[in-house]
Structures are given as C-alpha cells and as structure tokens.
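Protein chains: 2
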Amino acid sequence: MLLCDIGNTSYHFLSQSESFKKDVKSFDASEVKHNVYYICVNKDVDESLKNLPNWIDIKSHLDKAKYYDTMGVDRMMALEAIESGIIIDAGSAITVDVKRDGIFEGGFIYPGLNAMRESYQNISSALAYEFNFDIDLQTLPKNSQDAITYGYLKTLYCEVMSHKMEIILTGGDANLFVKIFKDARVDEHLVFKGMKKLIYDF
Amino acid sequence: MLLCDIGNTSYHFLSQSESFKKDVKSFDASEVKHNVYYICVNKDVDESLKNLPNWIDIKSHLDKAKYYDTMGVDRMMALEAIESGIIIDAGSAITVDVKRDGIFEGGFIYPGLNAMRESYQNISSALAYEFNFDIDLQTLPKNSQDAITYGYLKTLYCEVMSHKMEIILTGGDANLFVKIFKDARVDEHLVFKGMKKLIYDF
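Protein chains in written order, with the working numbering: chain A, 1026 to 1227; chain B, 1026 to 1227.
Just chain A, same shape as in the assembly (with noise of 0.2 Å):
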C-alpha cells in the first residue's frame, strides 16, 4: 500500500517502511501509477488530484466532528494515531495538539524553522542568524544568536511544557526539535499510521 501526506512544500510517500519526499513544485503526480491512498492540505495540489483516479483521498474517513473545520487533515491524522499526548509536527508550520483519552482538545500553530528565520531576517539585518538548537533554555541569552532562537524555542517550549502530557514529535524537522525537549518520542511515521489506522477501521 503506498500511502501520501501531502503538505505545503512536499510530497510525503510511505511504501511498506520506506518514505520519501518529492517536491510540490516539480512531482508530476500522474507518473504514479499504483494507487495512492492521501491526504493533503495543499489547494491546488488538491484539486490537481481529483483527476487522478488512481489518487485516493481519505479524509472523508475521518470524523470531523471532533476536530474543527479549517483545522488541517495532516493534524487530525496524527491525532488518531494517538490515545492521549501532544503533538509536535515541525514542518514549515509547527502545529501542536492536545488530545486527551481520546478527545481533541485543541491546539495552535507556530512557524516552522525556515518561516521564522526569514521573519527575523526580514525585521533587520542584525537578525539574520541560523538558530542554536544546542543552546541551553535555562539561562536569558546575552547574544544575538541566542536571543532570537531562545525567542523562538524558549516560548514555544514553555507553553508546551505546560501542558505536563507526553510529547510526540513529528515532521521533517522532528530531529532537530528533539534537541529541545530532549523527553519527546520522535515518531516520524505518526501521520501514516494514523492514516493506516482509518483505512484499516473503515
């Protein structure tokens, strides 16, 4: 079964346990000619897709009633997979969801890695830094470099914590995050099982 979380900037294939990534902006979804079962949240790879018949979209597999109408079938997925917990999935948004014994209890959005530099960037020159994964969240930085990541991670760590529940991180940029809340269980492969739970119970 060849399975497709389709995101913003990438095709996400799993077929048995290998996964790999095409670009939205040059994979030409036709040359696939096994069936794929996907989700996606991009529009316009979307509607592309609906000429496809080999393309099978899932979503409709879910209950939507327990999440909220524009939230982002990616997120839901990744909550069914999941009895209780809070997930990270860094992409090139961070979404972050709570679900309790079994019910969604909401979450937010952060920007992802490249979103945020960029913003610093385009503040002013002299935020124009790579973050510091290795930095130590403990101590207020007393340099540039540390003051906008601690400004990214220190924020988004503390609001996290917060929530005292068992963190699973996903997405392309779950390795990194790891170094920050160091507890995580890193599960790359949440969306999919998600996504093979709904079509194994349907």
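One copy or any two copies: either way a pair holds, since identical chains are not told apart in the list.
Straight-line distance between alpha carbons at most 30 Å, and here's what the computed DSSO-like set of lysine-lysine pairs gives: (1) Lys1167 / Lys1221; (2) Lys1091 / Lys1068; (3) Lys1218 / Lys1167; (4) Lys1167 / Lys1207; (5) Lys1189 / Lys1207; (6) Lys1167 / Lys1204; (7) Lys1091 / Lys1167; (8) Lys1167 / Lys1222; (9) Lys1089 / Lys1167; (10) Lys1218 / Lys1050; (11) Lys1075 / Lys1167; (12) Lys1068 / Lys1167; (13) Lys1167 / Lys1084; (14) Lys1047 / Lys1221; (15) Lys1189 / Lys1204; (16) Lys1050 / Lys1221; (17) Lys1218 / Lys1091; (18) Lys1218 / Lys1075; (19) Lys1091 / Lys1221; (20) Lys1089 / Lys1047.
Bear in mind the hints are in silico, worked out from the structure with no lab data behind them.
Following the hints, position chain B against chain A.
Then chain B, alone, in the frame of chain A:
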C-alpha cells in the same frame, strides 16, 4: 530638549512631553535645526546622521560592559530607566529584557506583529489571519485564527510570566499587548526616560 529614538521603521521624537513619529524611509533629518539627542539601531540612518553636527548620538554615555556587544542600544536605554522588572518593547521586533536589582540578566527577541503575521501568511494562504487580541489564552483553540494567535501570543506569555516579575510594556504596540499582559504597566516613554537619565547623570 529634543530626544529621538530611531528604530528599524521610524524616528520617534520626544519634545517636552509630546512625542511623534516619522517614517525612516521618507524623513529628512537635515531639516531639523535644533540639537537632537538620539540613539539609533538602524545602521543606514546612523551612518547618515554622522554628517549632521546637531544630531548628537548619546550611546557613548552608556556603560556597555553591563550589556552585550551586538545588543540594540534602545534595549539598553529602556533598561537604564528601571531598577528591576521585565521590559517588553513591542515594535517591529519584540525585545524582552530582564533586570534584577540593577543587574541586566539577559533578554530575547521575538518577531513583532507584522513580521509574525507575514510569517504565517507566507507559509500558507490558509494561515493569513489578523491576530485576535481578545483571545482567551486559557483555552486551547479550535479555530484557525485563534490557533495562530495562541501560537504567537500564548508562547510569549508563558515565557514572560515564568519570571514572576513586574512587567513594563513599551513600544508602538504596547497598547495592544496590554490586552494580553493585563497586569503590565504601559510606559510609552521608557526609552526616553533612560536617555534623559543618562544625559542628566553624565
């Protein structure tokens, strides 16, 4: 005495107790004939003012050893105005600085309102919302506008409140941010107070 605090986007003047702003893109500093005591974090403007003898840069009055090399001089000036507290200067960037019993402990930088709104918008048109400053930050969001508002504001709120200190709000967006930091004291002239203190003490 005419004071001026020059940021990335505007000249902010104080004459007696009246303050006014001029856009850095259009304002011609050579039109001012009075003496102006100023500080400036905008490199291009700073360079152009060196040729105007009535524009007097007062950054040399600062004991920079108390701070760090690449720190914005506006942050230092605001800190000079207080003995203890956490200062949030909400401008094109938001700087957050902690001072305890006369000692600067460090600080961080967070994107300002416009920079952060653009950041979300650039990730996806599905995230192009204004922030909702009337949000209830005690409840996890279940709609897109609140999901980005909470991502922007609750994260910052959590970090700032963790210091358990008096909060002083300044900068162009202080009157918006006081809706979030309800117990904060707003002081729009904090940087000017620091500048005056330095000029009189010198």
